[in-house]
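Asker: Residue-level listing of the chains:
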Amino acid sequence: DARVTQTPRHKVTEMGQEVTMRCQPILGHNTVFWYRQTMMQGLELLAYFRNRAPLDDSGMPKDRFSAEMPDATLATLKIQPSEPRDSAVYFCASGSVQGRRAKNIQYFGAGTRLSVL
Amino acid sequence: AQKITQTQPGMFVQEKEAVTLDCTYDTSDQSYGLFWYKQPSSGEMIFLIYQGSYDEQNATEGRYSLNFQKARKSANLVISASQLGDSAMYFCAMREGETSGSRLTFGEGTQLTVNP
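Sequence order for the protein chains is A and B.
Going by this note's numbering, the first residue of the first sequence is number 1, and it counts up by one from there.
Going by this note's numbering, the first residue of the second sequence is number 1, and it counts up by one from there.
Extracted from the complex, chain A is given alone in its bound form:
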């Protein structure tokens, strides 16, 4: 049963600390997305990659957030330094972009629940 795997599931840290979240996309998927979910903003796209190349990171605060795909099986989202307002659930999703009129379904991981104290 293929699924997107995210680690850690929960993270509690203190303000100013570095946080790294990891995502293993479904094997064969060529697109990876990072979303953030908060009560106030709902689900918002932070960044996404296609074939490991960043396509759009306009949703990410550039001064403290960074997203990378070191290889096809690993995507990372890093926050340095973390702040209390970063507390949220961070989702990774992967999909296989097949062109126009294709479903291009995104499958989500279970999320990382981050609390910055």
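Calculated directly from the structure, the hints in this document are not laboratory data.
One thing to keep in mind: the hints can contain errors.
Stated by the list, open to error - A few chain B residues that don't get close to chain A, going by computed Cβ distances all over 12 Å:
1) THR7
2) SER42
3) ARG103
As the list claims (entries may be wrong) - Here are the simulated PhoX-like pairs of lysine-lysine, each with C-alpha atoms no more than 25 Å apart in a straight line:
4) A:LYS103 - B:LYS16
5) B:LYS73 - A:LYS11
6) B:LYS70 - B:LYS3
7) A:LYS103 - B:LYS3
8) A:LYS11 - A:LYS62
9) B:LYS16 - B:LYS70
10) A:LYS78 - A:LYS62
11) A:LYS11 - A:LYS103
Owing to the predicted nature of the structure, the values given are computational and were not obtained by experimental measurement.
Think of the CB as a built atom: it goes at the ideal place given N, C-alpha and C, for glycine as much as any other residue.
Keeping the supplied structure of chain A fixed, place chain B upon it in accordance with the hints.
Answerer: This is chain B only, laid out in the frame that chain A set:
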């Protein structure tokens, strides 16, 4: 302007009855896709159903069906024979065209409660 609007913050339904969750969208693209996801209390996002803008028939997946009315820009989710396990938050989402890749824009969600 909101691209995806879900006007029902909360809905209640009796077990075994059908329920409709509303979703309207706004786009000028001719090619787009509409999705519904379920988020139970455990937090994961589960894909339920997809409707393409060019699909002439309403999508169905088991107990889920999508009432797609293109002229009205609505894509309502119908759940038939509700079960207690259907209690969750439901999100409508849209993928616009090809130039924006496959990024999704989500609505604010509807919390569904199924009563025994």
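Asker: Please work out if LYS11 (chain A) and LYS103 (chain A) have their alpha carbons no farther apart than 25 Å.
Answerer: 33 Å, violated
Asker: What's the verdict on LYS103 (chain A) and LYS16 (chain B), does the C-alpha distance respect the 25 Å limit or exceed it?
Answerer: Not OK: LYS103 (chain A) and LYS16 (chain B) at ~30 Å, beyond 25 Å, violated.
Asker: Check the hint pairing LYS16 (chain B) with LYS70 (chain B) against an upper bound of 25 Å on the C-alpha distance.
Answerer: Since the Cα atoms of LYS16 (chain B) and LYS70 (chain B) sit roughly 29 Å apart, the hinted pair is violated (cutoff 25 Å).
Asker: Is LYS11 (chain A) close enough to LYS62 (chain A), meaning Cα to Cα at most 25 Å?
Answerer: 21 Å, holds
Asker: Is the straight-line distance between the alpha-carbon of LYS103 (chain A) and that of LYS3 (chain B) 25 Å or less?
Answerer: 19 Å, holds
Asker: Is the nearest CB of chain A more than 12 Å from the CB of THR7 (chain B)?
Answerer: 15 Å, holds
Asker: Tell me if the straight-line CA distance from LYS78 (chain A) to LYS62 (chain A) falls inside 25 Å.
Answerer: Distance of about 11 Å is within 25 Å: holds.
Asker: Quick check for students: does the CB of SER42 (chain B) sit more than 12 Å from each CB in chain A?
Answerer: 8 Å, violated
Asker: Against the 25 Å threshold, does the CA-CA distance of LYS73 (chain B) and LYS11 (chain A) hold or violate the hint?
Answerer: 40 Å, violated
Asker: Take the C-alpha atoms of LYS70 (chain B) and LYS3 (chain B), compute the straight-line distance between them, and say whether it is at most 25 Å.
Answerer: 15 Å, holds
Asker: Measuring Cβ to Cβ, find out whether ARG103 (chain B) lies farther than 12 Å from everything in chain A.
Answerer: For ARG103 (chain B), whose nearest Cβ neighbour in chain A is about 5 Å away, the distance does not exceed 12 Å, so it is violated.
In the structure shown, a violation is registered for the earlier hints numbered 2, 3, 4, 5, 9, 11, in ascending order.
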